[in-house]
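Residue 61 in the working numbering sits at position 61 of the sequence shown; the count goes up by one each step and never skips.
Hints are not guaranteed to be accurate.
[Claimed, not checked] Here are the simulated DSS-like pairs of lysine-lysine, each with C-alpha atoms no more than 27 Å apart in a straight line:
1. K128 to K60
2. K53 to K115
3. K53 to K131
Bear in mind the hints are in silico, worked out from the structure with no lab data behind them. Everything numeric in this text was worked out from a predicted model, so none of it was measured.
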Amino acid sequence: MTEIYSADVGTRLKHLDSVFRKLDELGFTVNTKKCSVVKTQIKCLGHIIGSGKHLPDPDKVKVIRESEVPRKKTQLRSLLGLMNYYRDYIPNYADIAHPVTELTKKRAPEIFDWKEIHQTAFQDLKDKLSKTPELYTPTLEKPFIIHSDASQVGIGACLSQECDGKQYPICYASQKLTPALAHDRERSLCDSLVLEEV
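Turn these sequences into a full structure, and let the hints guide you.
This is the structure we're talking about:
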């Protein structure tokens, strides 16, 4: 895949004309069915990107939304791997996913007992991702805002910027607390998150 970026449509058409002429000079042909020109959004690596924002590919979200409850550790790991790819779109992902990720630990049985706490976490992750969250492209002209939070099992943050009186999320970050960090009384959990993410 090759992208040609231009600041405006007129410049883009000139760039495309130049590229197509050069390809023709070199004897290459272009399959027009595989071309996508003058688009405001593109699908790339499981994301829809354009117009100053990006969101998860709806086809991938559909796979997650329609997924059955996993019955084995290998199935759960596979599904969590896909969900984890989109964790930047889900506030407090690590905190929400905690009950389910506990089932993937080495000491957990291959076939596990799926309880209400697991179903609630699983459904919450699916619901949050299904709401098609949008993340915005940052601009260096505006200050960044970091919100952080912590619980007994995880720490989380949101990086955002304000525009026209409204805050727009750029990304969410979260992680499960390690035993050492969970018992650390020397510094606050929120400070720990900022140090981890910066």
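Cross-check of the supplied hints:
1. K128 to K60: holds (14 Å)
2. K53 to K115: Violated, at roughly 37 Å.
3. K53 to K131: holds (15 Å)
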